[in-house]
Amino acid sequence: MIDIITNMLAMCIPFSVALLLASIGEMFNQRAGVFNLGCEGVMAMGAFVGMLIPFLAGGGGSVPQWYNALGFLAAALLGAFFGLFFGLVTVTFRAPQGIAGIGLQMFGVGTAGTLFRHFVGGTQSIPGIPDVDIPLLSRIPFLGDILFSHNVAAYLAYIFVPIAWYILFKTPWGLKVRAVGTNPRAADSMGINVSRTRYEALVVGGALAGLAGAYLSVAQAKMFSDTLISGRGFIAVALVYFGHWHPLQIMGGALLFTLAQTFQTIVQSMGISFPYELAVMLPYVLVIVVLSFTSRNQTTAPTALGKPFNREIRT
Amino acid sequence: MTEGRAFPPCLFSFISAMDNKIRSLRMEHITKRFPGVLASDDISISVSEGEVLALVGENGAGKTTLMNILMGLYQPDEGSILINDEPVRFRGPEDAFRAGLGMVHQTYMLVPNMTVTENIALGYKKAWKHLRLDMKEVRDRVMEVSSHYGLSVNPDAYIWQLSVGEQQKVELVKTLCLGARFLILDEPTSALTPQEVDELIVLLHRMTAELSIIFISHKLQEVKALSNKVTILRHGKVVFSGNTDDFSSKEIAAKMTGHEIVLPRNPGGQDRGEAVLSIKDLTVMSDRKTVALDHLSLDVSAGEIVGLAGVSGNGQRELAEAINGLRKAESGSIMFFGDDIVNKSPHDVIAKGMGYIPEERNTEGIVPSFSIKENFVLKDISSETFSSGIFTKQKKIDESAERLVKRFDVRCPGTGTAAGSLSGGNIQKVILAREIERKPRFLVAVYPTRGLDMGAVEFIHSELLKIRESGIGILLISEELDEIMDLSDRIAVIYKGSIQRVLPKAEATAERLGILMAGVKEE
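As given, the protein sequences belong to chains A and B, one line each in that order. For what it's worth, the working numbering labels the leading residue of the first sequence as 519, then goes sequentially. For what it's worth, the working numbering labels the leading residue of the second sequence as 139, then goes sequentially.
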């Protein structure tokens, strides 16, 4: 029994990384007042490009690790580019963000799948990145397996959480982002370029979504398929609300959701007779239930979320 | 779009670094069109060093638009701005700041989910150390400015926790922190107590030694006390310009509105009936979880107006919300026509006949995106008058709306117009019309005339007095001592969540109330 629990918890950290990165990225978007429902599509593109580079380099065989790093970099750049594009549509042309986001999602998922069939063909696996046992710490009983023997990308992602917190709350850029997402008119009156700040946040958010996708294909599944992302981009958007636009709370949400997911896989693998369709639903039901019961603290919310800003339109 | 000669930013900062004194500022022939509105029509103003120009006019006269043009928030369609006789062009507030201009806006330019210090840091670029924000430096600057000018603010409070009056102080501190040498104040006194207004006027007078001020106001006493020159706008045009000292308040008011205005007063002389609203030992927490009302007790009788005077932030908002079921009371009772309504739902309180004019007219008083007629029936949409149980009775709603718009002189293109697009005075008329039309048994009116022009104030005051005449009790919460003294039968002074003292109108003077509002006990 203890093995099963250890197993479940040990899976939790690496499996939560994609959600964590994508939702932290989405948090920057939303703090700046733009919600990007296209996260799913950007993740799909990131996952495809991230996997494509080590695959082409090694033809499915082993490749030096820096090809994987190159895959992540390409995914981040592509994600940033999509962020820029989304900025053009929603900030400059002030298109409705919800619709634009759904468009981006469909474009990303569809394009990634098509290009995958063109360049790769069928299911092909790549070696991915190995797990690293941190010396000494990984030998701590119980905790060692859960916390200290994962792949490098997972460690980096978790180290990024406090960095994201610092960026958001302790740097001038974070201050600008929070201001333009809550009261853009006030930010504007203080000489802050609202559009530029929103673009910047979208680029950062897009890059993180791209990285999240690449993590799924390179580090987690070690392959790409059309259904690889399977709604994680939308869960990431939900986690931002769940976490009240705060990096640490978002991390908690990502872990909780992943725990529910690993729990259902383990329940299935143990052969308990329980309709698996219901077990698969569990994490999603959990998100809905928790979202319904969390207090909606309007005092931290970016209240200009979803509203295009136009200085000369009087409201 | 034609515009004045543009300075490249580097050249501009060079000039301002060389000579950062603003010896004169002129706006010449400024014209600005918004879709369907000519907001500024060939306006020219000029201010020299050490001068205070009062920009006077009714709501919608185009004062704020003109100042937004000056700050670079809007680009003028025609006309130019000259500083020290050099044409300048501000592409945004950043350029205006660099030139030494600072503006305190009428609608506060503050981010509610950030602290006072963070809000000021937003413009305080000196503390921007690339990867780090030097919050201590900003905080020190805030403390320095606030103690120097006697504008007490808590630098660590979140804006959403502050009352409107406190937010105004934050705005003033912010502008001063950012080093403005030319101040533009858009109705800066609307939320201050009389003492604070006097202090501010003294302070601003002292500051004219170093800087010039443009001061937007409807309050003519302040215009008289503070300004050297006055420019009056009406419908986007300058109708008058001259030296303040050459004209009386009455003359200026007449030029502003086009006719003379006499505010109505409570004639007094009605016998106090039985108390219909009786608050006993009410204790309520604020948003910050501090004690907002501390065992507050107060009675209001039928047919009397009780004015609640006090510096904003002393529990007025919490009291109004607790009476109307919008805030939970920790202890105490509110007897309303014999029933205890403490901690009842707003629906129950409304059903008992409570009328409420809330503090935030745009967010609490109306649904801005709803039409005027929809806003009229917000509280009665399930009543038999307007609903058959399944469908609304559109005809009834339309008829009643037309009648109310006429009776309350709501100026609007039609009753289908979104209420949020109206001016403040007209929104307030919509709220007043709705509350009066419901024939309430009691009315709580919170800052009913804040930010309104003289014409609208006159109208609302006379309506409130009419309600009183008809035997309905009113609790009037206001920071305007003139308003309270004109309208009230009795005046209660609130300080730190309890009633300092209740004075009959005859015993209340501005000085005495001011002392009580500052928390000094008198025996």
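Note that these hints are calculated values from the structure, not bench results. Just so it is clear, the structure is predicted and the values come from calculations on it, not from any experiment. Built from N, CA and C at the ideal position, the CB exists for glycine as well. Treat the hints loosely; a few may be bogus.
If you want the footprint, here are the derived chain B segments under chain A, 3+ residues with CB under 8 Å [said to hold, decoys possible]:
id	stretch
1	246 to 253
2	454 to 466
Distance condition first, Cα-Cα at most 30 Å in a straight line; then the derived DSS-like pairs of lysine-lysine [unchecked claim]:
id	chain 1	residue 1	chain 2	residue 2
3	B	K517	B	K544
4	A	K825	A	K688
5	A	K825	B	K517
6	B	K604	B	K517
7	B	K517	B	K534
8	A	K688	B	K534
9	A	K688	B	K264
10	B	K375	B	K362
11	A	K825	B	K375
12	B	K375	B	K357
13	B	K274	A	K688
14	B	K388	B	K544
15	B	K357	B	K393
16	A	K688	B	K427
17	A	K688	B	K267
18	B	K466	B	K393
- What hints, given by number in increasing order, does this structure fail? 2, 8, 11, 18
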